[in-house]
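S.K.: Chain by chain, the residues:
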Amino acid sequence: MLPLFEYTKGMREEHTSYCPGCTHGIAHRLIMEALCERGELGRAIGVVPIGCSIVAHNYMNVDMCESMHGRAPAIASGIKRVHPDNIVFTYQGDGDLASIGTGEIIHAAHRGENFTTFFINNAVYGMTGGQMAPTTLIGQKTTTTAGGRSEAANGKPLRMAEIIATIESAAFVERVSLDSPANVRKAKKATLRALETQKAGVGFSFVEFLSTCPTNWGLSPIASLEWLRTDMIPYYPLGNFKTKEIGR
Amino acid sequence: MTHRLLFAGFGGQGIMLMGELLAYAAMIDGKQVTYMPSYGPEMRGGTANCSVIVSDGPIASPIITEAGILIAMNEPSLDKFEDDVDPEGLVFINRSLIGRKPRRSDVVSVAVDCIELARDILNEKIANIVMLGAVIRKSNIVSPDSVGEALRRKFSGKKEAFIPINESALSAWRERSEEH
Amino acid sequence: MTDNRQLLKGNEAFAEAAIAAGCRYYFGYPITPQNELTEYMSRVLPSVGGSFVQAESELAAISMAYGAAAAGGRALISSSSPGIALMQEGISFLCSANIPMVLLNVSRGGPGVGGIQPGQADYFLATRVGGIVDYHTLVYAPASIQESINILMQAYETAEKYRNPLMLLVDGMLGQMMEPVVVPDGVETIPTTDLHALNPWAVTGHRGSRERRVIRSLRLKPDELERSIEERGEKYARAEIELTSYEAIDLDGAEIVFVAFGSTSRIVKESLTALKRMRIKGGLIRPITLWPFPYRAFDGIDKRTKAVVSVELSKGQLIQDVKLGVNGRFPVKLIHRTGGMLLTPEEIVAAAKNISEVN
Numbered sequence: 001m002l003p004l005f006e007y008t009k010g011m012r013e014e015h016t017s018y019c020p021g022c023t024h025g026i027a028h029r030l031i032m033e034a035l036c037e038r039g040e041l042g043r044a045i046g047v048v049p050i051g052c053s054i055v056a057h058n059y060m061n062v063d064m065c066e067s068m069h070g071r072a073p074a075i076a077s078g079i080k081r082v083h084p085d086n087i088v089f090t091y092q093g094d095g096d097l098a099s100i101g102t103g104e105i106i107h108a109a110h111r112g113e114n115f116t117t118f119f120i121n122n123a124v125y126g127m128t129g130g131q132m133a134p135t136t137l138i139g140q141k142t143t144t145t146a147g148g149r150s151e152a153a154n155g156k157p158l159r160m161a162e163i164i165a166t167i168e169s170a171a172f173v174e175r176v177s178l179d180s181p182a183n184v185r186k187a188k189k190a191t192l193r194a195l196e197t198q199k200a201g202v203g204f205s206f207v208e209f210l211s212t213c214p215t216n217w218g219l220s221p222i223a224s225l226e227w228l229r230t231d232m233i234p235y236y237p238l239g240n241f242k243t244k245e246i247g248r
Numbered sequence: 001m002t003h004r005l006l007f008a009g010f011g012g013q014g015i016m017l018m019g020e021l022l023a024y025a026a027m028i029d030g031k032q033v034t035y036m037p038s039y040g041p042e043m044r045g046g047t048a049n050c051s052v053i054v055s056d057g058p059i060a061s062p063i064i065t066e067a068g069i070l071i072a073m074n075e076p077s078l079d080k081f082e083d084d085v086d087p088e089g090l091v092f093i094n095r096s097l098i099g100r101k102p103r104r105s106d107v108v109s110v111a112v113d114c115i116e117l118a119r120d121i122l123n124e125k126i127a128n129i130v131m132l133g134a135v136i137r138k139s140n141i142v143s144p145d146s147v148g149e150a151l152r153r154k155f156s157g158k159k160e161a162f163i164p165i166n167e168s169a170l171s172a173w174r175e176r177s178e179e180h
Numbered sequence: 001m002t003d004n005r006q007l008l009k010g011n012e013a014f015a016e017a018a019i020a021a022g023c024r025y026y027f028g029y030p031i032t033p034q035n036e037l038t039e040y041m042s043r044v045l046p047s048v049g050g051s052f053v054q055a056e057s058e059l060a061a062i063s064m065a066y067g068a069a070a071a072g073g074r075a076l077i078s079s080s081s082p083g084i085a086l087m088q089e090g091i092s093f094l095c096s097a098n099i100p101m102v103l104l105n106v107s108r109g110g111p112g113v114g115g116i117q118p119g120q121a122d123y124f125l126a127t128r129v130g131g132i133v134d135y136h137t138l139v140y141a142p143a144s145i146q147e148s149i150n151i152l153m154q155a156y157e158t159a160e161k162y163r164n165p166l167m168l169l170v171d172g173m174l175g176q177m178m179e180p181v182v183v184p185d186g187v188e189t190i191p192t193t194d195l196h197a198l199n200p201w202a203v204t205g206h207r208g209s210r211e212r213r214v215i216r217s218l219r220l221k222p223d224e225l226e227r228s229i230e231e232r233g234e235k236y237a238r239a240e241i242e243l244t245s246y247e248a249i250d251l252d253g254a255e256i257v258f259v260a261f262g263s264t265s266r267i268v269k270e271s272l273t274a275l276k277r278m279r280i281k282g283g284l285i286r287p288i289t290l291w292p293f294p295y296r297a298f299d300g301i302d303k304r305t306k307a308v309v310s311v312e313l314s315k316g317q318l319i320q321d322v323k324l325g326v327n328g329r330f331p332v333k334l335i336h337r338t339g340g341m342l343l344t345p346e347e348i349v350a351a352a353k354n355i356s357e358v359n
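Residue numbers (my numbering), protein chains in the order written: chain A, 1 to 248; chain B, 1 to 180; chain C, 1 to 359.
Keep in mind that a hint or two might mislead.
Which bits of chain B does chain C cover? Going by a derived footprint, with three or more residues having C-beta under 8 Å, they are [unchecked claim]:
1. 32-39
2. 74-83
3. 100-112
If you anchor each label on the Cβ, the simulated ranges turn out as follows [said to hold, decoys possible]:
4. B:Gly11 <-> A:Glu196: 12 to 22 Å
5. B:Lys125 <-> C:Glu357: 33 to 43 Å
6. B:Asp56 <-> C:Met278: 51 to 61 Å
7. B:Gly11 <-> C:Arg207: 31 to 41 Å
8. C:Thr193 <-> B:Gly57: 47 to 57 Å
9. C:Arg207 <-> A:Met1: 49 to 59 Å
10. B:Asp84 <-> C:Lys323: 58 to 68 Å
11. C:Glu357 <-> B:Asp84: 40 to 50 Å
12. C:Leu218 <-> A:Tyr235: 49 to 59 Å
13. B:Gly57 <-> C:Met278: 14 to 24 Å
14. B:Gly11 <-> A:Pro234: 33 to 43 Å
15. C:Arg277 <-> B:Leu17: 45 to 55 Å
16. A:Pro84 <-> B:Asp120: 55 to 65 Å
17. C:Arg207 <-> A:Cys19: 31 to 41 Å
Treat the hints as calculated values from the structure; they're not laboratory data.
Don't be surprised by glycine CBs; every beta carbon is placed ideally from N, CA and C.
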């Protein structure tokens, strides 16, 4: 009998601690599948952030390193210096990458660091209990914007993929969404392309995953996916922002 | 025997190089030596000074509070450090830029026309080396051969072309009876 | 006389010695008075198979070094006081994740941005540490460039043995001065493929041939976190026995015993000679390790000693450890300057004379 669904070798057979309906699990699996398909699982070294996904190393079957809050791109830069032939990646949330770690992510792209960053944008701080992130949408209610984020008080949300794409030494930048099977397949393609960019030594690669956080959004898993489509995607357009040619 | 030398002038006069070459020569002579520069933004255009201590035995502190020899390359340096010279100490004065003699009568002053002598050889950029030559001849702290060797080690590679000019500068100054 | 001495500036000698000791990864951010070290690394590391990165901040520099060390490489960090203060986040993580590294603090006067002249005001920062505590950095305070070289030559082995960061606390004086020194021959570059086996905890990629490795700082379960702290405590207890190091001079019959480290100890040594001429017997305890602190050196103080004097370029920091070492057995006094002002032998002699006459 053919199995319908299997664990990828890239994932350890553990129950995750993520909330029901959270899309971290999908992103984890996509990245690990991509590493397996490219035969890079054994050569991969990941850096996890501060945030819900600090526990990603319990699930991803690769060598991993915890990071100071926001410093994952700097840590990855150090790891890559020692192991230039390994696949090195960071996995970061929006508080980690777009707030406390903006300096590190911008300068990793600036130096054209040859590693890959997977950026989980769910428009909220998850681990600390639903505070406003730089990516929180206007009007979105969080525990620090009880009446909804206002432009007057907080400015407008940061579009990280667009920012990174303006940096000359960034080689591959794409925003994808985890809201539907079709978009998940596109996300997988972008993940593979990012890893290929790194493998070819072309420069910094960046994939932004629009993700859900049902718990802190106060929505059901299904309503969360719907909100991602109706509210997030219009502000955070999907697509490729930059692709440098991979020399053959 | 311990010698304490204080080199002082303004940034760009090559004060640090004078001290470094003397320290280098002392090491080649087999002596103990320390070199301590002033540092910071003042090096870029302000005052610059460095201390060199040469000794037969171990040197505790590289900091000089009383100098046996002061090399003043400009007048503010003479003003600032004249009082720190030991009685019977030597004060070298860059006469090209300093219009006065030491106020103290208990020190021996040696006036050197650094810039004029340097121009006779090449240009005023080597005025510091002219002064270093005077210090070495007058004080006998290090052997002239070692200074030449220090020069050759310091100006290796691309800078090698500068060695002959600097050697000439080192021997430009001659003690004359008129010196005070 | 032929010898193999070179005349080197402290900062350049530190860099040369670190490379000789096997350092191949350096991450730096410009700050006075240690810039010659950063510049040296940028020139030399690429030619010995190493990597140099000028980081965007000290936060990033220590994080890069954390990554390189977590990957099994020998990494070096250098900075000066305000930069080291910024790096405390990373140093705390290094300790909690048990990652070896060598750090050089070419310290200056504070607080805040302070000044750029030599200072020892980082004593607490180095010995009491600045992150979430319950950890220690191994701290050495060499008094000469040669001693710095000698300590650096052993530093990686010590840091790796204890799996803990090791800091050399020097100051602007040692960083900027030149002395004739001998730098021993260097160790060969370790192929990165060997780091995997040499450091059985490092993240190198599991190659499908072993369990994955995880460098961890987070321990959400209190009992697990407590256990990790207690285990680290055992290693620190071992360090106190194995690493504590100091120099004691003329303690026998000393009227006054000075305690001073690093560049200040050199000035005290000069004062001892002057005091001898005045027939005042002075002794010196010079801690070489600041953590672990050589408290046991104080057991060697003569019963006839009138006072123990902490001599420091800080507003009464070292004196706290001096008091712990003295443990009420002798009066404890302080001679200090701050802000980048250096003590002169004359000041120390005058203060000592005063103490000798009063007591």
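S.K.: Where does the structure disagree with the numbered hints, that is, which hint numbers, in rising order?
M.R.: 2, 3, 4, 5, 6, 7, 9, 10, 11, 12, 14, 15
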